[in-house]
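Visitor: If you read the protein sequences in the order shown, they are chains A and B.
First residue of the first sequence: 13, per the numbering used here; consecutive thereafter.
First residue of the second sequence: -13, per the numbering used here; consecutive thereafter.
Hints are supplied without guarantee of correctness; some may be wrong.
[Stated by the list, open to error] In silico SDA-like pairs for lysine to any residue, Cα to Cα no more than 20 Å straight-line: (1) B:Lys58 to B:Gly17; (2) B:Lys78 to A:Leu129; (3) B:Lys119 to A:Phe262; (4) B:Lys78 to A:Gly124; (5) B:Lys104 to B:Val170; (6) B:Lys78 to A:Gln78; (7) B:Lys78 to A:Arg121; (8) B:Lys78 to A:Met71; (9) B:Lys107 to B:Glu130; (10) B:Lys119 to A:Trp119; (11) B:Lys107 to B:Glu120; (12) B:Lys119 to A:Pro69; (13) B:Lys119 to A:Gln130; (14) B:Lys119 to A:Pro73; (15) B:Lys78 to A:Ser126; (16) B:Lys107 to B:Val170; (17) B:Lys78 to A:Ala301; (18) B:Lys119 to A:Ala123; (19) B:Lys78 to A:Val74; (20) B:Lys42 to B:Ser95; (21) B:Lys78 to A:Leu122; (22) B:Lys78 to A:Ile131; (23) B:Lys119 to A:Gly67; (24) B:Lys78 to A:Trp119; (25) B:Lys78 to A:Leu29; (26) B:Lys78 to A:Gln130; (27) B:Lys78 to A:Pro243; (28) B:Lys119 to A:Gln78; (29) B:Lys180 to B:Leu128; (30) B:Lys126 to B:Asp102.
[Said to hold, decoys possible] Chain A stretches covered by chain B per the calculated footprint, using a threshold of three residues with CB under 8 Å from any CB of chain B: (31) 70 to 79; (32) 211 to 225; (33) 228 to 236.
[Stated by the list, open to error] Now the in silico label distances, taken between C-beta atoms and shown as ranges: (34) B:Ala133 to A:Ala136: 48 to 58 Å; (35) A:Val22 to B:Gly29: 34 to 44 Å; (36) B:Glu94 to A:Trp63: 39 to 49 Å.
The hints are simulated quantities; they were obtained by calculation from the structure and are not laboratory data.
Glycine residues also receive a C-beta, built at the ideal position from the N, C-alpha and C atoms.
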Amino acid sequence: MSAVLGNPMVTTAALPLLLGIALALAVRFALPAASPAPTLLWAVLLLFFYWDTLGPPVMPPVAASQKLIYLAFTGIVIGLAPERVSGRATSFLAVIAVAAAFLWLGWRRLAGGSLDLQIVAAMAVGLLTLIGVAMLIAQQGLQSSSIEEPFLAPAAVLALSLSGAIVSVLGASIVTGQLLGSLAALVGGWCLMQYLTTLRGGAAVSWSKGVEFLLLFAAVTVLIQVALLAPKANPAALVLSSLSPLFAVFMHGRLQSLLPGARPLRPLVAGILIAAPAILAIVTAIVWAPRGAALGFS
Amino acid sequence: MRTRKLIAALAFASASMLAAAAHADNYEIDGQHAWVTFTIKHGIYGIAHGQFDGVKGSIVMDKADIAKSSVKAELNVSTIHTAFDQRDSDLKGPDFFNAAEFPTISFESTKVEKVDDKTGKVTGNLTISGVSKEVTLDVKLLNEAQAPWDATLTKAAFSATGKVSTADFPMAKAADGFGLGPEVEIAIDIEAVKK
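Bound-form chain A, shown alone (with noise of 0.2 Å):
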């Protein structure tokens, strides 16, 4: 049993895509959707994966890596407290929470002063993912009847936290990349389980407010490091990765007007736009990837 647990594949893949899956079951057959008992799910597992992947937190967090654990943990406290703030409010509030983000795990490497592409790269992704996050939380206080709807929220931290995963690892840091894959997979699960509730006709469960700022909150701090710290990693790949959110946000309302006919198929077609970018970000990666990748030290 230790060892099944103990193989990064069933931590990184397998076990949080039954998670969220079994989320999205307890969320549409027991648990009252206007509660916090969702929120408060989805922030457990949130950390479950942060302790399991970097370990229990350290007190004071001095390398990057440390600070991740505690920025997951601001996430869940604004993601637990804002169903009462609405629209501009939680938007700065996300704003400044990136913007603070990225300073606190950069600021080492911003004190260095060089403005290399890695650090160029850097600031365009912090700048995109704090606007896409700010706006994409923003929008969703609005009220909207479209299928796709509850679909693009999950979908740009699906496609974020997907090809940030890929990116990271083949840029040679395989903790960020396996955090990553472990938030695309739990939101994956949810994601496949909403949908097939709208194959069969069904409506499928938005996420509140708390929910989209906690995980998009954790994706971007976690791309954001990968951004910052990982040479190896893909400078456009990086950039190309943090446009998810952004596409989510254009992705409001449009496939109403040009789809209408075709409901079930909305979601996915809002899906596949709002992964373009990520998919993007994973075909540049891969090509561009240094030879062998991030296998040099095995």
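Got chain A sorted already, so can you dock chain B onto it with the hints?
Guide: Chain B in isolation, oriented as in the chain A frame:
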């Protein structure tokens, strides 16, 4: 009479301290003649070897009271090499030495103990990726002599060995033995120039 005795005592104490200080020699590590090497387990197979170049630092050697000796040294992480470029660049990455965030490794002694005339134990704080852990090195003084070709040049040569665990530092993939790790054996040979 008392005042005279006090003055004499103070003079004696000062002379003793000066004499002791005179025994403390200052050395600067000669980076061109410094080999900081390590071996680390490679997966389930053998032993990998690596080396850091660009060592800088200073040594204070007090032969009269070896406990008053001290060592300070710094390594540039970007100089690591293990006979394979790609592994070297991976080792500089965030899962191992994290050179982008912490470009140097440092060692500063806290205690020096004499074992015999030529050997001793140097305990100090080894700082990797911003985390300091106490490490004890077994040190041997190989030689201390004037250069035959230059009367103004005096050098001392030391060998040191020790063990560290990467699990003590934020080196996630070395700590869990992913390819390389977790135990590291260090072997240092340095020459230092007397100042």
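Visitor: For each hint, tell me whether it holds in the structure or not.
Guide: Hint by hint, here is what the structure shows:
1. In summary, the hint linking Lys58 (chain B) to Gly17 (chain B) is supported, as the alpha carbons are separated by about 13 Å, within the 20 Å threshold.
2. In summary, the hint linking Lys78 (chain B) to Leu129 (chain A) is supported, as the alpha carbons are separated by about 17 Å, within the 20 Å threshold.
3. Using a Cα cut-off of 20 Å, the hinted pair Lys119 (chain B) and Phe262 (chain A) is violated, with the two alpha carbons roughly 50 Å apart.
4. Simply put, Lys78 (chain B) and Gly124 (chain A) have alpha-carbon atoms about 16 Å apart, close enough for the 20 Å limit, and the pair holds.
5. A distance of roughly 25 Å separates the Cα atoms of Lys104 (chain B) and Val170 (chain B); the hinted pair therefore is violated under the 20 Å criterion.
6. A hinted pair counts as satisfied when its Cα atoms are at most 20 Å apart, and Lys78 (chain B) with Gln78 (chain A) qualifies at roughly 17 Å.
7. Restraint check for Lys78 (chain B) and Arg121 (chain A): satisfied, since their Cα atoms lie roughly 14 Å apart, inside the 20 Å limit.
8. Restraint check for Lys78 (chain B) and Met71 (chain A): the C-alpha separation of about 24 Å exceeds 20 Å, so the hint is violated.
9. For the given pair, Lys107 (chain B) sits about 18 Å from Glu130 (chain B) by alpha-carbon distance, which is consistent with the 20 Å threshold.
10. Taking the CA atoms of Lys119 (chain B) and Trp119 (chain A), the gap is about 23 Å. The hint is violated against a cut of 20 Å.
11. At most 20 Å may separate the alpha-carbon atoms for a hinted pair to count; Lys107 (chain B) and Glu120 (chain B) meet this at roughly 13 Å.
12. Proximity of Lys119 (chain B) to Pro69 (chain A) is assessed by CA-CA distance (about 18 Å); at most 20 Å being required, the pair is judged to hold.
13. For the suggested pair Lys119 (chain B) and Gln130 (chain A), the alpha carbons sit about 31 Å apart, so the restraint of at most 20 Å is broken.
14. Note on Lys119 (chain B) and Pro73 (chain A): the hinted pairing holds, with a Cα-Cα distance of about 15 Å set against a maximum of 20 Å.
15. At most 20 Å may separate the alpha-carbon atoms for a hinted pair to count; Lys78 (chain B) and Ser126 (chain A) meet this at roughly 17 Å.
16. Of the supplied pair hints, the one linking Lys107 (chain B) and Val170 (chain B) holds, its CA atoms being roughly 18 Å apart against a limit of 20 Å.
17. Of the supplied pair hints, the one linking Lys78 (chain B) and Ala301 (chain A) holds, its CA atoms being roughly 17 Å apart against a limit of 20 Å.
18. Proximity of Lys119 (chain B) to Ala123 (chain A) is assessed by CA-CA distance (about 25 Å); at most 20 Å being required, the pair is judged violated.
19. A C-alpha spacing of about 17 Å is found between Lys78 (chain B) and Val74 (chain A), which places the hinted pair at or below 20 Å, so the restraint holds.
20. Restraint check for Lys42 (chain B) and Ser95 (chain B): the C-alpha separation of about 14 Å stays at or below 20 Å, so the hint holds.
21. At roughly 18 Å between alpha-carbon atoms, Lys78 (chain B) and Leu122 (chain A) fall within 20 Å of each other, so this suggested pair holds.
22. At roughly 17 Å between alpha-carbon atoms, Lys78 (chain B) and Ile131 (chain A) fall within 20 Å of each other, so this suggested pair holds.
23. Annotation: proposed proximity of Lys119 (chain B) to Gly67 (chain A) holds, straight-line Cα distance about 18 Å (limit 20 Å).
24. Of the pairs offered as hints, the one joining Lys78 (chain B) and Trp119 (chain A) holds, with about 18 Å between alpha carbons and a cut-off of 20 Å not exceeded.
25. Proposed proximity of Lys78 (chain B) and Leu29 (chain A) is contradicted: the alpha carbons are some 32 Å apart, above 20 Å.
26. Restraint check for Lys78 (chain B) and Gln130 (chain A): satisfied, since their Cα atoms lie roughly 15 Å apart, inside the 20 Å limit.
27. Taking the CA atoms of Lys78 (chain B) and Pro243 (chain A), the gap is about 9 Å. The hint holds against a cut of 20 Å.
28. For the hint pairing Lys119 (chain B) with Gln78 (chain A), the CA-to-CA distance comes to about 17 Å; that is within 20 Å, so the pair holds.
29. Under the criterion of a C-alpha separation no larger than 20 Å, the hint pairing Lys180 (chain B) with Leu128 (chain B) is consistent with the structure, at around 15 Å.
30. Restraint check: the Cα-Cα separation between Lys126 (chain B) and Asp102 (chain B) comes to about 9 Å, which is no more than 20 Å; the hinted pair holds.
31. A stretch counts as covered by a chain when three or more of its residues have a beta carbon under 8 Å from one of that chain; for the stretch 70 to 79 of chain A and chain B the count is 6, and the coverage holds.
32. Under the rule that three or more residues need a Cβ within less than 8 Å of chain B, the assignment of the stretch 211 to 225 of chain A is violated, with 0 such residues.
33. Counting residues of the stretch 228 to 236 of chain A whose C-beta sits closer than 8 Å to any C-beta of chain B gives 0, which falls short of three, so the coverage hint is violated.
34. The supplied range of 48 to 58 Å is met by Ala133 (chain B) and Ala136 (chain A), whose beta-carbon atoms lie about 55 Å from each other.
35. Between Val22 (chain A) and Gly29 (chain B) the beta carbon distance is about 20 Å. The supplied range of 34 to 44 Å is therefore violated.
36. Look at Glu94 (chain B) against Trp63 (chain A): about 33 Å separates their beta carbons, and that is not inside 39 to 49 Å.
In summary, the structure is inconsistent with hints 3, 5, 8, 10, 13, 18, 25, 32, 33, 35 and 36 from the numbered list given earlier, while agreeing with the others.
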